[in-house]
Amino acid sequence: MAEKEQKHTIIPKHTKLSEKEKQELFKKYDLTIKELPKILDIDPAIAHLDAKEGDVVKIARKSLTAGESMYYRSVTHG
Amino acid sequence: MTDEIFKEYEEKLPKLIIDEIKANLPEKADAAKVRKILEAVHAEYEKSKLDAGECVGLLSAQSIGEQGTQATLDTFHFSGVSEMNVTMGLPRIIEILDARKTISTPMMEIYLNAPYNQKENVKKQALLVKEIKLKDVATEFLVNIADMIIKVDIDEQKLKDLDLTLANLSKTLSKAMKSLKIKQDTVSIIAKLEDKDANLNSLYKLKEKLKETHISGIKGVTQVLPVKRGSEYIVLTAGSNLKAVLALEWVDKERTTSNDIYEIAATLGIEAARETIIDELLKVIKAQGLKIDIRHLMIISDTMCVSGAIKGITRYGVVNEKSSVLARASFETPIKHIMRASLVGEEDKLHSVIENVMLNQVVPLGTGMPVLKAKKKE
Numbered sequence: 783m784a785e786k787e788q789k790h791t792i793i794p795k796h797t798k799l800s801e802k803e804k805q806e807l808f809k810k811y812d813l814t815i816k817e818l819p820k821i822l823d824i825d826p827a828i829a830h831l832d833a834k835e836g837d838v839v840k841i842a843r844k845s846l847t848a849g850e851s852m853y854y855r856s857v858t859h860g
Numbered sequence: 002m003t004d005e006i007f008k009e010y011e012e013k014l015p016k017l018i019i020d021e022i023k024a025n026l027p028e029k030a031d032a033a034k035v036r037k038i039l040e041a042v043h044a045e046y047e048k049s050k051l052d053a054g055e056c057v058g059l060l061s062a063q064s065i066g067e068q069g070t071q072a073t074l075d076t077f078h079f080s081g082v083s084e085m086n087v088t089m090g091l092p093r094i095i096e097i098l099d100a101r102k103t104i105s106t107p108m109m110e111i112y113l114n115a116p117y118n119q120k121e122n123v124k125k126q127a128l129l130v131k132e133i134k135l136k137d138v139a140t141e142f143l144v145n146i147a148d149m150i151i152k153v154d155i156d157e158q159k160l161k162d163l164d165l166t167l168a169n170l171s172k173t174l175s176k177a178m179k180s181l182k183i184k185q186d187t188v189s190i191i192a193k194l195e196d197k198d199a200n201l202n203s204l205y206k207l208k209e210k211l212k213e214t215h216i217s218g219i220k221g222v223t224q225v226l227p228v229k230r231g232s233e234y235i236v237l238t239a240g241s242n243l244k245a246v247l248a249l250e251w252v253d254k255e256r257t258t259s260n261d262i263y264e265i266a267a268t269l270g271i272e273a274a275r276e277t278i279i280d281e282l283l284k285v286i287k288a289q290g291l292k293i294d295i296r297h298l299m300i301i302s303d304t305m306c307v308s309g310a311i312k313g314i315t316r317y318g319v320v321n322e323k324s325s326v327l328a329r330a331s332f333e334t335p336i337k338h339i340m341r342a343s344l345v346g347e348e349d350k351l352h353s354v355i356e357n358v359m360l361n362q363v364v365p366l367g368t369g370m371p372v373l374k375a376k377k378k379e
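Line by line, the protein sequences are chains A and B.
So in the numbering used here, the last one in the first sequence is 860, and the numbering has no gaps at all.
So in the numbering used here, the last one in the second sequence is 379, and the numbering has no gaps at all.
Hints in this document: simulated from the structure, not taken from any laboratory.
For each residue, glycine too, the CB sits at the ideal point set by N, CA and C.
Among these hints, one or two may not hold up.
Unchecked claim - Partial list, derived from the structure: chain B residues whose beta carbon lies under 8 Å from chain A:
1. I95
2. E96
3. R256
4. G270
Claimed, not checked - Within a straight-line C-alpha distance of at most 25 Å, the following computed DSS-like cross-link-like pairs (lysine-lysine) qualify:
5. K809/A to K13/B
6. K134/B to K220/B
7. K323/B to K102/B
8. K809/A to K16/B
9. K16/B to K844/A
10. K34/B to K8/B
11. K13/B to K810/A
12. K50/B to K810/A
13. K134/B to K159/B
14. K206/B to K229/B
Just chain A, with the same shape it has in the complex (with noise of 0.2 Å):
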């Protein structure tokens, strides 16, 4: 049921991560899912992607410092 993805200019990219990608991650940082930051399944930004919990999402934001900066969150019930 993957609805259509919602654009604006403050929005920035949202993705899921894969599996694989989600360990790379986690073995990069050296961190669990525990300690990354939360996004709600029934955020609108994710509505898209049909992310259930567990679920580890990529989000590609613009920065006024960095130009673009990764931020991850993950996906938790609310």
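Assemble the complex: chain A is given as a structure, and chain B must be docked to it using the hints.
Below, chain B alone, put in the same frame as chain A:
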């Protein structure tokens, strides 16, 4: 050739810096020189990074607090054009950081799709957004006690401006008030109470209710103002209802924003809300002529949004999320926190700063961070 070298550094350097180097690179630069440049920049970049254990939150708090003393205490600033008030200055900063549910001056900036963003059309579209109640299109409310009816005289010109007719006005009215019998006259609408034991009191109550009946537009929008922005016209509104506005088809859904953080979070998501917090804070700071590094604002808005929902810097928000009892107690309402902790037998691991200050121990910051761990002999 040089592209490969840049690719190598993409992981190590932020995009902005790489773009800047690319833009300023002399044409004759060969691969060896590019590598040298990137190496030097990378070394400088690593040097400018914060050390592990730096107390960034404290720095942010102080940087904003110090500048905050310079902010005007209570200003109402006119946003470009008069007529519309916007809370600015310290009250607005407090409002944002506390993440108040109801803000004092909610506002929207509605961008319109072409051709509605032209001068001729924008006024009409703006009126469509504005919330119209019956009292806005009526000239008089007449209470007829003898027949127990209310006669509402309608200003036809106003109706015409709103693209409404008397017929569909009475239709919306009868839909909104099911207990009424609505009849339509040439220039007026007659409402009759169907109730048998209707008395004078209920008739007057009905009159007040009729006045506030929603006719057209978007609920919550009390004022509209078309303003020129660049080459197009946009609509500024007082009052915010982003969800309803984004549902309109002639509204540019990609640029229309609100200053209500909770509304943004509900319609556009938590990341957009974080963005809005930074933008709104920056707006106030710029208007006041203050200088606060944007990194401080970023760390604050990140903190407010880590849990996926907005949490204010209050005892109900982020402070409530702290794991340490003593840290929570040191902020506000200490007795409440200590009592509750003792009732459930909470444990304090003393991982953070405040609780260690209280107990006169080394705080886990900077050089106080490393600890010795002894390995047991087998």
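Are the Cα atoms of K134/B and K220/B separated by 25 Å or less?
holds, 10 Å
If you draw a straight line from the CA of K50/B to the CA of K810/A, is it 25 Å or shorter?
holds, 19 Å
Is the Cα-Cα distance between K13/B and K810/A 25 Å or less?
holds, 13 Å
Under the criterion of a CB-CB separation shorter than 8 Å, is I95/B in contact with chain A as hinted?
Violated, because the Cβ-Cβ distance from I95/B to chain A comes to roughly 23 Å (cut-off 8 Å).
Is K809/A close enough to K16/B, meaning Cα to Cα at most 25 Å?
This hinted pair holds, its Cα atoms lying about 23 Å apart.
Per-residue hint verdict: E96/B, partner chain A, C-beta under 8 Å:
Hint violated; E96/B Cβ to chain A Cβ min 19 Å, cut 8 Å.
Does K34/B pair with K8/B here, judged by a C-alpha cut-off of 25 Å?
Measuring from Cα to Cα gives roughly 16 Å; hence the hint holds.
Proposed proximity, K229/B with K206/B (alpha carbon, max 25 Å):
violated, 43 Å
Is K134/B within 25 Å of K159/B, Cα to Cα?
holds, 12 Å
Hinted pair, alpha-carbon criterion (25 Å max): K323/B, K102/B. Please report holds or violated.
holds, 22 Å
Under 8 Å, Cβ to Cβ, is where R256/B needs to be relative to chain A, so tell me if that hint holds or is violated.
Because about 5 Å separates R256/B from the closest Cβ in chain A, which is inside the 8 Å limit, the hint holds.
Taking only the CA atoms, is the gap from K809/A to K13/B under or equal to 25 Å?
holds, 17 Å
In summary, the structure is inconsistent with hints 1, 2, 14 from the numbered list given earlier, while agreeing with the others.
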